[in-house]
Amino acid sequence: MSPAFAIEVIEVQKRYKSGDFWHPIKSQALRGVSLQVRAGEVYGLVGVNGAGKTTLMKVMTGLLRPDQGRSLVFGLSASSMEARARFGYLPELPSFPKYLSAREVLDFYGRLQGMPDKPRRARVAEMLGWVGLAEALDKPIREYSKGMQQRVGLAQALLHDPELVFLDEPISGLDPLGIKQMRDLFLRLKSQGKTIFFNSHILSEVERLCDRVGLMHRGRMLLQAPVADLASRHASTVTLAFRSLGPAQRRALKALRLAPSQENRVWTVAVPNAQLAQVLAKVKLPHGAAPTVISANSPLETAFIEAVRAEEAG
Amino acid sequence: MRQAWVIGINIFRQLLRNRILTVLAIFALGMGGLSVFLGELGQESEARLGRDFGLLGVEWIGYITVLLCHVVLLFEETELKTITMLLVKPVARWQYLLGKLVGSSLLAALNVAGLVAVLLLVGWWRGYSLASLPFFLAVFFLLWQSVVMSAVVLLFSVLASTVPACVVYSTFTFFLGHFTGNLVEWMAKLDGGAALVLVKVLYYLLPNLAVFNLGDSLPLGGENIKTGIALSASSFLWPLAYGAIYALAVMLLASWQYQRKEI
Numbered sequence: 003m004s005p006a007f008a009i010e011v012i013e014v015q016k017r018y019k020s021g022d023f024w025h026p027i028k029s030q031a032l033r034g035v036s037l038q039v040r041a042g043e044v045y046g047l048v049g050v051n052g053a054g055k056t057t058l059m060k061v062m063t064g065l066l067r068p069d070q071g072r073s074l075v076f077g078l079s080a081s082s083m084e085a086r087a088r089f090g091y092l093p094e095l096p097s098f099p100k101y102l103s104a105r106e107v108l109d110f111y112g113r114l115q116g117m118p119d120k121p122r123r124a125r126v127a128e129m130l131g132w133v134g135l136a137e138a139l140d141k142p143i144r145e146y147s148k149g150m151q152q153r154v155g156l157a158q159a160l161l162h163d164p165e166l167v168f169l170d171e172p173i174s175g176l177d178p179l180g181i182k183q184m185r186d187l188f189l190r191l192k193s194q195g196k197t198i199f200f201n202s203h204i205l206s207e208v209e210r211l212c213d214r215v216g217l218m219h220r221g222r223m224l225l226q227a228p229v230a231d232l233a234s235r236h237a238s239t240v241t242l243a244f245r246s247l248g249p250a251q252r253r254a255l256k257a258l259r260l261a262p263s264q265e266n267r268v269w270t271v272a273v274p275n276a277q278l279a280q281v282l283a284k285v286k287l288p289h290g291a292a293p294t295v296i297s298a299n300s301p302l303e304t305a306f307i308e309a310v311r312a313e314e315a316g
Numbered sequence: 003m004r005q006a007w008v009i010g011i012n013i014f015r016q017l018l019r020n021r022i023l024t025v026l027a028i029f030a031l032g033m034g035g036l037s038v039f040l041g042e043l044g045q046e047s048e049a050r051l052g053r054d055f056g057l058l059g060v061e062w063i064g065y066i067t068v069l070l071c072h073v074v075l076l077f078e079e080t081e082l083k084t085i086t087m088l089l090v091k092p093v094a095r096w097q098y099l100l101g102k103l104v105g106s107s108l109l110a111a112l113n114v115a116g117l118v119a120v121l122l123l124v125g126w127w128r129g130y131s132l133a134s135l136p137f138f139l140a141v142f143f144l145l146w147q148s149v150v151m152s153a154v155v156l157l158f159s160v161l162a163s164t165v166p167a168c169v170v171y172s173t174f175t176f177f178l179g180h181f182t183g184n185l186v187e188w189m190a191k192l193d194g195g196a197a198l199v200l201v202k203v204l205y206y207l208l209p210n211l212a213v214f215n216l217g218d219s220l221p222l223g224g225e226n227i228k229t230g231i232a233l234s235a236s237s238f239l240w241p242l243a244y245g246a247i248y249a250l251a252v253m254l255l256a257s258w259q260y261q262r263k264e265i
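If you're matching them up, the sequences are chains W and V in order.
All you need for our numbering is the position in the first sequence, starting with 1, plus 2.
All you need for our numbering is the position in the second sequence, starting with 1, plus 2.
One or more hints might be untrue.
Each computed DSS-like pair below joins lysine-lysine, with the alpha-carbon atoms no more than 30 Å apart [said to hold, decoys possible]:
#1 W:Lys192 with W:Lys256
#2 V:Lys202 with W:Lys148
#3 W:Lys182 with V:Lys83
#4 W:Lys120 with W:Lys100
#5 W:Lys19 with V:Lys202
#6 W:Lys141 with V:Lys263
#7 W:Lys148 with W:Lys100
#8 W:Lys148 with V:Lys263
Far from chain V by the CB rule (all over 12 Å, computed), these chain W residues [to be verified]:
#9 Ser36
#10 Ala41
#11 Tyr111
#12 Val133
Simulated from the structure, these hints should not be mistaken for laboratory data.
For each residue, glycine too, the CB sits at the ideal point set by N, CA and C.
Whenever a hint applies, use it, and build me the whole structure from the sequences.
In structure tokens, the structure reads:
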């Protein structure tokens, strides 16, 4: 019987030790994180820098051993050889031995995956062509840009045609064309029924590409939900800034269940898109005192901000 | 084992292209030139000096090669984080370490072969020959010593995690390893106590590198060193077995530590 989940993380805790023998410093990176990812799902893990996303991915790929809890890939221990043969992994900012060419690097990884000679060579050429490096495949990697190295990293993750792919911040460092190619890649992998797990702090891309998202903050999983559910529960909002806001206008906003706040003499308030016209009608501003739109938040951004605020408020 | 071999060959190719290792080629040529220069100045026969300096060069080039290999690899692992993509493949950590041992040893063998070729050319130019079975056996055992030292450097690279610490501990061990015979003499002179315990611990922990130096035991003297081997088979088996057991013990310790290490 095949396992129900491609990835299953159960109550994982991880603590890092740093400092020296006399002054040890311990920091809790993961605090009882659990998640499940079904086969064929695209799962995006979001969180600010230092939230524990990369640590969680390292635990899931077997690079780190959790202090407590378990991490399974297709029902197997993440560090087992059987599990490793079934997934690919792209670390954040991948780097390679600089005196080897992309072809040699991929050939090496293909050998480690046990791919036979002839199909391996064909697959290496195919993958390098697919990531747009066909003309640079015999150049030493030291001559590659960061974006090109990211593509080699992607090619090595997909070389053995894995059922599951872990991608750590795959979009960071890419130019607009690279981001477009990455989107196309996601769609292609998704159409092939692959499971994709990726970390990002670029919420708009996660919202656009994922079936389900997890929100992490300070080592905790704050929220997991299908993107469609988040979109229905959390409206898109705009944040308006007012140079002045009298007591009557503040009362009008509160009557609309909005909470204006003041900082550096400027009033700001997050307004759902659907309420925007109503707000402008109710808050009667003097001529020439129209508010400024300082940001527009998607449902995922709104959900993320709300979840983080709730967590920090205790 | 197949995985370790694949990793070893890849590391060998990667290091072969690294420009740092061209320094070793210059070192090899320098050693050849020095033996000629000293041969002309010295009282002893030029062939004997050529042999002695040659074997000294073989020992040093072997050690420096394996040290540089592990330093370069440690830098790439810690600074460039090249290791993460490799360790999520179906590769056990001990296989990766064994691959590093294989790759560094192959490069040491290549560099030693290069130096031996230079020494033989110098001898041919100066009118003597080093090409004899005893000479090649002495070279082989010094190369075997480099394999043992590669395991030692590997252990320190795993324990220390920083390049300077790895270099200092390894070089300290390399020097002390030549004097373990003196430790036996010290033990005989000590009556007991903490000093004796310390010397004993050092004696058993440090590699006895004198075991691999057959240059003094082999009948290599004279103008023409094409003499036969006067030593018994056991004289060769002991350094082979000692080196294998010591390297295996060190590799097991390194693997145990590396398995626990957080990447």
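Hints versus structure:
no.	hint	result
1	W:Lys192 with W:Lys256	violated, 44 Å
2	V:Lys202 with W:Lys148	violated, 53 Å
3	W:Lys182 with V:Lys83	holds, 27 Å
4	W:Lys120 with W:Lys100	holds, 25 Å
5	W:Lys19 with V:Lys202	violated, 34 Å
6	W:Lys141 with V:Lys263	violated, 34 Å
7	W:Lys148 with W:Lys100	holds, 12 Å
8	W:Lys148 with V:Lys263	holds, 28 Å
9	Ser36	holds, 22 Å
10	Ala41	holds, 19 Å
11	Tyr111	violated, 6 Å
12	Val133	holds, 15 Å
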